[in-house]
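Chemist: Reassemble the complex: the two chains are provided individually, in unrelated frames, and hints are given to aid placement.
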Amino acid sequence: MKFTRRDLLVWSAGAAAGLVCTPVPWKLLDDASIWTQNWPWIPQPAHAPVETKDSFCTLCPSGCGMRVRMAAGWPVGVAGMRTHPISRGALCPLGFAAHQLVWHPQRLRAVQHRGGLSSWDGARAAFAKACAEGPIVIVDGYPGRAASSVFEGLHSEARRRLSGHIRPGDPSPDAV
Amino acid sequence: MNAARNTFVFGLGLAMALVAGWVAFPRALYSRQNQPVVFRHKTHAEKSGFADCGQCHSFRSDGSFAGIPSLDTCASCHSERLGTSQDEGILVDHYVKTGQEVPWLVYSRQPANVSFSHAIHVRRGGLACAACHSRYGESDETRIYEQDRISGYSRNIAGRSIWLVRLGRHDGMKMTDCEGCHRRRNIQVGCLGCHQ
Chain A
0 MKFTRRDLLV
10 WSAGAAAGLV
20 CTPVPWKLLD
30 DASIWTQNWP
40 WIPQPAHAPV
50 ETKDSFCTLC
60 PSGCGMRVRM
70 AAGWPVGVAG
80 MRTHPISRGA
90 LCPLGFAAHQ
100 LVWHPQRLRA
110 VQHRGGLSSW
120 DGARAAFAKA
130 CAEGPIVIVD
140 GYPGRAASSV
150 FEGLHSEARR
160 RLSGHIRPGD
170 PSPDAV
Chain B
0 MNAARNTFVF
10 GLGLAMALVA
20 GWVAFPRALY
30 SRQNQPVVFR
40 HKTHAEKSGF
50 ADCGQCHSFR
60 SDGSFAGIPS
70 LDTCASCHSE
80 RLGTSQDEGI
90 LVDHYVKTGQ
100 EVPWLVYSRQ
110 PANVSFSHAI
120 HVRRGGLACA
130 ACHSRYGESD
140 ETRIYEQDRI
150 SGYSRNIAGR
160 SIWLVRLGRH
170 DGMKMTDCEG
180 CHRRRNIQVG
190 CLGCHQ
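Top to bottom, those sequences are chains A and B.
For the first sequence, numbering that gives the first Met the number 0 assigns the number 0 to the initial residue and increments by one for each residue that follows.
For the second sequence, numbering that gives the first Met the number 0 assigns the number 0 to the initial residue and increments by one for each residue that follows.
One chain only, chain B, in its complex shape (with noise of 0.2 angstroms):
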């Protein structure tokens, strides 16, 4: 009798345990936030004819990366409404007349030690941007921005997957993500070459 007991007391612990571990911990340790602004990829690859990411995801004339485009890019088309979005609307009227650029929230943003160039990478590494983003340029959503409460960054750098098992090639953007492609690559970069 007491041996039942026990083993149906330790399961107890057992399964609220790994239940609290699996499901309420993740939704307590990520926050999340939708963009400013919901940005369509996709539509605008259709409508606009981009066909080249670095249409808007361009380099400088000094060879850095400038990343999410400023508002001008915005501008340079969406001056007026071209449409009857509800998301153009809030671009439009919010960000485009105010001339305030749009607060994105950034998955890829590294800590402040961390030094990575799109131009190395890009330019003299010769690889495609889906060979790191997949084929996110050609969605038609924008993801939910989820922050570790704890770390401050956002849940892509750490990789979709909570236990530090990458769910695919381009999940994660940890050091040990750079060190395997590095490594399947052959290609070695010391300390310096990433924390500068």
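In isolation and in its complexed conformation, chain A is listed as follows (with noise of 0.2 angstroms):
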């Protein structure tokens, strides 16, 4: 007997109704779909015993406070904190998402100058050159972040060095 292409097209047709009365599609795409949230560019926490921080938010000037869990020495979640007086246990979505940042794509994660790479002996001179030449000015347009006391810190040292407190030869203070 010879299977002919009208044969195989039948045996498709009921290998095909067979399958869906199988687990194999409907699981596929269950698996898949949890697949899809295990990539592994995505960031996984470490597998330690979860330890619970109290904290406060510098994402904005209200400063809510913050009850972080971390594992390993990384914070894994963020919940409000019921004893907080001004917050509450309130949190706004991008408080709830603080520990997320970390793993911004956009996260700075080495010294940069001018759009470029740099290094810190190499920031510090061209901060310290910028100092000499004149006033330096620093626009800050969400006052009140964690990168705001960094900006703070910057212009305090320019202060001092504009104003003379830092001998030649000083060492440059590490927070700069």
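Simulated from the structure, these hints should not be mistaken for lab results.
Cβ coordinates follow ideal geometry from the N, Cα and C atoms, glycine included.
Just to be clear, a hint being listed does not mean it is correct.
Between beta-carbon pairs, the in silico distance windows are [said to hold, decoys possible]:
id	chain 1	residue 1	chain 2	residue 2	range
1	B	TRP103	A	ARG5	53 to 61 angstroms
2	B	TRP103	A	THR51	42 to 50 angstroms
3	B	CYS180	A	PHE55	32 to 40 angstroms
4	B	CYS177	A	THR51	17 to 25 angstroms
5	B	GLN32	A	PHE55	27 to 35 angstroms
6	B	CYS177	A	ARG5	46 to 54 angstroms
7	A	TRP38	B	ASP71	33 to 41 angstroms
8	A	SER61	B	ALA129	41 to 49 angstroms
9	B	ARG142	A	CYS20	27 to 35 angstroms
10	B	ASP92	A	PHE55	47 to 55 angstroms
Simulated coverage check for chain A against chain B, where a stretch passes if three residues somewhere in it have a Cβ under 8 angstroms from a Cβ of chain B [stated by the list, open to error]:
id	stretch
11	25-35
12	42-51
Some chain B residues close to chain A (C-beta under 7 angstroms, calculated; not the full set) [claimed, not checked]:
id	residue
13	ASN5
14	VAL8
15	GLY12
16	LEU13
17	ALA16
18	LEU17
19	GLY20
20	TRP21
21	PHE24
22	ALA111
23	GLY151
24	ILE161
25	TRP162
Modeler: If you want it as structure tokens, here you go:
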């Protein structure tokens, strides 16, 4: 008996009908959706004992109370702090996602100067040169953030340098 | 003649797909691994007099659940061989004497975006261990760890049944299982209750 092209089509129709009566398509769909959560470039927190630390949010001037869950030294979850006198357990959406900001693709991971990679020594030298040339201006559009404290440090350092409090040859503060 | 032949070929395709889907597919989907050490709950309960799960599966001082006991808990009794079993020999020689933690394969390991608190369920909810873990604490065998090759999680998470139908009240640890139990007990939990 020869297996014809018509037989192949009929056999395929039977196989397709049988396949939807098995777990194959449904289980593969379910597993594929879970698989997409575990792509290698998605950060995975370490499997370690979770400890909780109380802190406050620095993403805006409100300073809401935060209860941060830490695993292996990394923040893995954020919740509001009910006992905080101002926020009383509330957090805004950005605050709830604060622990994910460390994984932001545009996060600065190295010293940059004028759009290019630099070193701390290079940045210090450029900063000292800028201070020597005259007053510098730092514009912070959203004061009160974590970055604002960095700007404040820069500003106070610039003022110290311009007012002559630092003599040539003094070591540069590590905070700058 | 043609109708009979078509029916036969159609049935053949149907039968082959059913066999492949119900027999071959589950075997291909799950990899099977033995635990590094065979642990027998029943033997430990009988010989050591452990009547409470919390004697080994304890809560830390901060209230968090320690889960599978660390090697120190095992070594507190098994610093040397107490019997003649091969499994105890593996524990003592390979792990206790070398100080290396036993790399247990965890049946209940959840995705990273899931936060489950034993403390809330046991201490606040008053659930007994057997309410979720059935009578595994009385068993005298160690289950084979079956890992889904695609999702990477244990078969116990999705449930033993591959048809996404629960075989019992203790089967499955997916979100629908959490929701079902909470619905039966009329306990409302928002998204952030588990996905913190």
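Chemist: Please go over all the hints and tell whether each is borne out by the structure.
Modeler: Do the hints match the structure? See the list:
Taken as a hint, the range 53 to 61 angstroms holds for the pair B:TRP103 and A:ARG5, whose Cβ atoms sit roughly 56 angstroms apart. As the Cβ distance of B:TRP103 to A:THR51 is approximately 25 angstroms, the hint placing it in 42 to 50 angstroms is violated. Between B:CYS180 and A:PHE55 the beta carbon distance is about 35 angstroms. The supplied range of 32 to 40 angstroms therefore holds. For the pair B:CYS177 and A:THR51, the beta carbons lie near 22 angstroms from each other, so the given range of 17 to 25 angstroms is met.
In this structure, B:GLN32 and A:PHE55 break the distance hint of 27 to 35 angstroms, their C-beta atoms being roughly 45 angstroms apart. Here the CB-CB span from B:CYS177 to A:ARG5 is close to 51 angstroms, well matched to the stated 46 to 54 angstroms. The hinted range of 33 to 41 angstroms is satisfied by A:TRP38 and B:ASP71, whose Cβ atoms lie roughly 36 angstroms apart. One distance hint, 41 to 49 angstroms for the beta-carbon pair A:SER61 and B:ALA129, holds here, with the actual separation near 46 angstroms.
Against the hinted window of 27 to 35 angstroms, the Cβ-Cβ separation of B:ARG142 and A:CYS20 comes to about 29 angstroms, which satisfies the hint. Against the hinted window of 47 to 55 angstroms, the Cβ-Cβ separation of B:ASP92 and A:PHE55 comes to about 51 angstroms, which satisfies the hint. Chain B is given as covering the stretch 25-35 of chain A, and this holds because 8 residues of the stretch bring a CB closer than 8 angstroms to a CB of that chain, at least three being needed. Check on the stretch 42-51 of chain A: 7 of its residues sit with their Cβ under 8 angstroms from a Cβ of chain B, so the three-residue criterion for coverage holds.
Because the closest C-beta pair between B:ASN5 and chain A is about 5 angstroms apart, less than 7 angstroms, the hint holds. Using the Cβ-Cβ criterion of 7 angstroms, the hint placing B:VAL8 at the interface with chain A is satisfied: the shortest such distance is roughly 5 angstroms. Because the closest C-beta pair between B:GLY12 and chain A is about 3 angstroms apart, less than 7 angstroms, the hint holds. With its C-beta approaching chain A no nearer than about 4 angstroms, B:LEU13 sits inside the 7 angstroms limit, and its interface hint holds.
Given the 7 angstroms rule on beta carbons, the hint for B:ALA16 holds: about 3 angstroms separates it from the nearest Cβ of chain A. Taking 7 angstroms as the C-beta cut-off, the interface hint given for B:LEU17 holds, the closest approach to chain A being about 5 angstroms. The restraint placing B:GLY20 at the interface with chain A holds, with a minimum CB-CB distance near 2 angstroms, inside the 7 angstroms limit. With 7 angstroms as the threshold, the beta carbon of B:TRP21 comes within range of chain A, its nearest partner Cβ sitting at about 6 angstroms, so the hint holds.
Hint status for B:PHE24: holds, given a least beta-carbon distance of 5 angstroms to chain A, under 7 angstroms. Because the smallest distance between the Cβ of B:ALA111 and any Cβ of chain A comes to about 5 angstroms, under 7 angstroms, the interface hint for this residue holds. Interface restraint check for B:GLY151: the shortest CB-CB distance to chain A comes to about 6 angstroms, inside 7 angstroms, so the restraint holds. For B:ILE161, the shortest C-beta to C-beta distance to chain A is roughly 5 angstroms, which falls under 7 angstroms, so the interface hint holds.
Because the closest C-beta pair between B:TRP162 and chain A is about 5 angstroms apart, less than 7 angstroms, the hint holds.
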